[in-house]
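Each protein sequence line maps, in turn, to chains A and B. Using the working numbering, the first residue of the first sequence is number 1, and each one after it goes up by one. Using the working numbering, the first residue of the second sequence is number 1, and each one after it goes up by one.
Think of the hints as simulated: they come from the structure by calculation, not from any bench. Be aware that a few hints might be false.
Derived DSS-like pairs (lysine-lysine); straight-line CA-CA distance at most 27 Å [to be verified]:
1) Lys79(A) <-> Lys29(A)
2) Lys29(A) <-> Lys219(B)
3) Lys194(B) <-> Lys219(B)
4) Lys43(A) <-> Lys79(A)
5) Lys219(B) <-> Lys7(A)
6) Lys7(A) <-> Lys29(A)
The following residues of chain A were derived to be distant from chain B, with all beta-carbon distances above 12 Å [stated by the list, open to error]:
7) Cys47
8) Pro55
9) Ala66
10) Arg69
11) Asp76
12) His77
13) Gly99
No residue lacks a Cβ here, since even glycine has one placed at the ideal position from N, Cα and C.
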Amino acid sequence: MANETRKFLPSWRTIDSAGTVAVPGSSEKFLTGDWRTERPVWKAEACRHCALCVPACPDSSIPFGADQRRGGFDLDHCKGCGVCAAVCPFGAISMIPEGGLK
Amino acid sequence: MSGRTALLSGNEATAIAMRQARPDVFAAFPITPSTEIPQYFSKFVADGETPAVFVPVESEHSSMSACIGAAASGARSFTATSANGLALMWEELYIAASLRLPVVMACVNRALSGPININNDHSDSMGARDSGWIQLYSENAQEAYDQFFIALKTAESVGLPAMTCQDGFITSHAVEPVELLEDGKAAGYCGTWKPGRTLLSGPVSMGPYDGAEFYMEHKRQQSDAVSQAFEAHARAVREYGALSGRLLDPVEEYRLDDAEYAFVLIGSSAGTGKDAVDRLRERGHRVGLLKIRLFRPFPAEAIARALSGRRAVAVMDKCDGFSGSGGPLAAEVAGALYGTPAAERPELRPFVYGLGGRDVWVEEFFGIYESLRNPWAADAGRVEYRGVREEAPV
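Go ahead and model the full structure; you've got the sequences and the hints to work with.
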């Protein structure tokens, strides 16, 4: 961890006891997108909005609107597991390598 | 029930202390020799003598989990176990401590397998010595009763779990006179636990993932709480002494004043050891005994004070640490003495005795004393087993 980051974090004297998180919904603030080694790519033109991918996503990273249509991936939280691509019957999701070595 | 002297086993005395301490939840799974404690307690529940909820669970993994869940909700929570049951609680022991939940457990010491054995030694709770629990060891049923209250008070003042330990069968099942507190006095001493945040106090997440950026700060906090436990324990002891007339300091010195030699040990064998000291004193030998009650946190300073200046001390462990140089008590006492000036530092000899219920006699102490007075036997190795058969019968 970089030193400049460290100085903004609480000391052992001030940090919440036992790591208890006292506010609701805080897991959204924990960005897990940088864990990804593969990125899902959504081909909107091939998508039939059947929503099979939505409940399959373990990171709740596929938004599905009141208009019964899905939106683009939440890449701040998607860990790139690829389950969505595997369950899609229409080939509307593909996985591509994430950055790094080409 | 009013203040009176009753004939009780260590288990029954402990169960009475637990009822008087007014828990909200008691979760336990039976295991010899601690089984009687939940048995007595469940009778109190059935007879309407306590409003506590008794949770019969399917394992000790579950009993400790139930205590953690209950304590996380702000409930005063107790359990009891022994040996393999304690071993099955292992990961939860660490979780209770790191979540800073003052669960209080009565551990009735029994050999931890194997080979399978149901009798007393300290191999079960000694394995848990670094789990973050406060540990108090008792010599007899009276101490087991008294120290349960002290453990609770200490635990709740610093936010750490505590276990009281008594020797299986020797203390847990032998019946002796025990002076009880009046219910009202006991309740007054215990007061009510005032937890911080609980699962019921609002939206909270307890026990979430703690990454490298935060984990060490939480361990440092935990370490600080352990340090505070010395003072909290001393306070609890003082208040309990004022209430009961019985003072249960972290260590008990027995005829140590002018002693050149000393036995250092834990638990019920201290009674036998004191008898041995008396008999040796009658013959003019300057020998005493140091009994350790508080093992976590470890009262290193008090021990160093009590032992420095002696010629030699025998540190007697009722379990082998398998370090090649004795049990945990020997290692910790050696550590405590390291800070004393070399000229004042006694020779320390580690002994292992009483494993798996092997009896220890007054004569055993005489033998250890003889060994202390003589140069360390060349074949003794770095630790000497006592009460073990060395020769096959001819």
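Failing hints, ascending?
The structure breaks none of the hints.
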